[in-house]
Amino acid sequence: MKGELIALASILIFFLAFLWTSQSGLHEWEGADSKAEGVIEELTGGSYTPWLKPLWEPPSGEIESLFFSLQAAIGGLVIGYFLGYYRRKTEGGN
Amino acid sequence: MHIMEGFLPHPWWEIWFAASLPFVAYGVSRIGRMAREQRETLPLLAVAGAFIFVLSSLKLPSVTGSCSHPTGTGIGAILFGPWITSVLSTIVLLYQALFLAHGGLSTLGANVFSMGIAGPVVGYLVYRATQRFNLYLAVFLAAALADLATYVVTSLQLALAFPAADGGVLLSLKAFAAVFAITQVPLAGIEGVISALMFKYILQARSEVLLRLNVISKMDLARLQGGMT
Numbered sequence: 075m076k077g078e079l080i081a082l083a084s085i086l087i088f089f090l091a092f093l094w095t096s097q098s099g100l101h102e103w104e105g106a107d108s109k110a111e112g113v114i115e116e117l118t119g120g121s122y123t124p125w126l127k128p129l130w131e132p133p134s135g136e137i138e139s140l141f142f143s144l145q146a147a148i149g150g151l152v153i154g155y156f157l158g159y160y161r162r163k164t165e166g167g168n
Numbered sequence: 015m016h017i018m019e020g021f022l023p024h025p026w027w028e029i030w031f032a033a034s035l036p037f038v039a040y041g042v043s044r045i046g047r048m049a050r051e052q053r054e055t056l057p058l059l060a061v062a063g064a065f066i067f068v069l070s071s072l073k074l075p076s077v078t079g080s081c082s083h084p085t086g087t088g089i090g091a092i093l094f095g096p097w098i099t100s101v102l103s104t105i106v107l108l109y110q111a112l113f114l115a116h117g118g119l120s121t122l123g124a125n126v127f128s129m130g131i132a133g134p135v136v137g138y139l140v141y142r143a144t145q146r147f148n149l150y151l152a153v154f155l156a157a158a159l160a161d162l163a164t165y166v167v168t169s170l171q172l173a174l175a176f177p178a179a180d181g182g183v184l185l186s187l188k189a190f191a192a193v194f195a196i197t198q199v200p201l202a203g204i205e206g207v208i209s210a211l212m213f214k215y216i217l218q219a220r221s222e223v224l225l226r227l228n229v230i231s232k233m234d235l236a237r238l239q240g241g242m243t
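Protein sequences, first through last, are from chains V and F. My numbering puts the first residue of the first sequence at 75, with every later residue one more than the last. My numbering puts the first residue of the second sequence at 15, with every later residue one more than the last.
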């Protein structure tokens with residue numbers, strides 16, 4: 075139980091930090107990956123162009139979030155399945 | 015920590031491929047051996063991989079006003095070591111490169127190195143160094159520092175490829191670390207806590223497999239069972 079409480083409290087603190095940041099000015103909440111692109115542009119004076127484009131890009135933000143959720147769902151499913159399987163095994167019975 | 019497709023110039027993308035390849039290849043052979051000799055560990059391998067899937071799909075807002083994601087490699091590193099974890103990370107990074115245009119095929123070597131090798135190596139060593147004090151604290155530290163190390167290495171990789179005109183690699187490193195590493199600090203904390211919780215569930219379910227994998231000692235187990243019940 076202690077572990078769960080600590081986790082809950084940490085998530086709460088994390089959320090409060092988010093609220094606090096949100097209030098102190100305008101943030102775009104963009105990904106750090108794309109921010110790094112900005113840094114590259116600054117450092118090279120905009121002279122660097124990527125020499126390769128992704129083979130395929132999700133055509134919209136919705137489709138991108140579809141694949142992100144799919145990734146999380148696959149992971150969640152596997153974790154839940156095996157932890158449940160183990161639980162059944164240790165508790166025995168049918 | 016994904017370096018986008020095409021964003022590492024020659025020769026850097028080749029260098030990181032060369033650095034990662036032997037690691038992943040050895041990891042594959044380790045998994046093969048485990049599949050033959052220790053079949054009972056395979057479900058845990060799936061759980062460790064799935065944990066990376068879940069955590070690296072969560073983009074979280076951070077105090078810097080931008081978003082980033084945890085890596086989830088701590089559990090894999092603690093249970094199976096960095097070799098095998100590099101393989102699990104490669105699978106996730108491939109998925110994200112192909113279906114999400116996150117990261118890329120040309121930068122796969124560099125991304126595998128930061129997320130699949132550097133992070134897990136740090137996590138593994140931290141766990142081994144601190145496990146005798148408190149298991150859960152050790153997992154927390156290992157997972158959080160693995161996460162952080164990944165982003166520091168990403169910053170380093172970008173800084174090496176894009177040294178500032180005056181100030182060189184060091185100045186670039188500062189610029190990239192400001193974007194990646196600082197954003198990552200609160201995320202690393204959360205990742206540490208969640209990994210410790212995950213570790214608790216695995217321990218409750220399969221402590222004898224953890225014993226066999228040498229993740230915990232008989233003494234750890236006795237101590238925990240004394241305290242848990």
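Calculated directly from the structure, the hints in this document are not laboratory data. Quantities reported herein were computed from a predicted structural model and do not represent experimental measurements. The C-beta atom is built at its ideal place from N, Cα and C for all residues, glycine as well. It is possible that part of the hints are untrue.
Keeping only pairs whose Cα atoms sit at most 20 angstroms apart, straight-line, the calculated SDA-like set for lysine to any residue is [as the list claims (entries may be wrong)]:
{"hint": "1", "chain 1": "F", "residue 1": "K214", "chain 2": "V", "residue 2": "S84"}
{"hint": "2", "chain 1": "F", "residue 1": "K188", "chain 2": "V", "residue 2": "S84"}
{"hint": "3", "chain 1": "F", "residue 1": "K73", "chain 2": "V", "residue 2": "A146"}
Not the full set, but computed from the structure, chain V residues with beta-carbon under 10 angstroms of chain F [stated by the list, open to error]:
{"hint": "4", "residue": "I80"}
{"hint": "5", "residue": "F92"}
{"hint": "6", "residue": "W103"}
{"hint": "7", "residue": "E104"}
{"hint": "8", "residue": "V113"}
{"hint": "9", "residue": "W125"}
{"hint": "10", "residue": "L126"}
{"hint": "11", "residue": "K127"}
{"hint": "12", "residue": "L129"}
{"hint": "13", "residue": "E136"}
{"hint": "14", "residue": "F141"}
{"hint": "15", "residue": "Y155"}
{"hint": "16", "residue": "R161"}
Which numbered conditions among the earlier hints are violated in the structure presented, ordered from lowest to highest? 2 and 13
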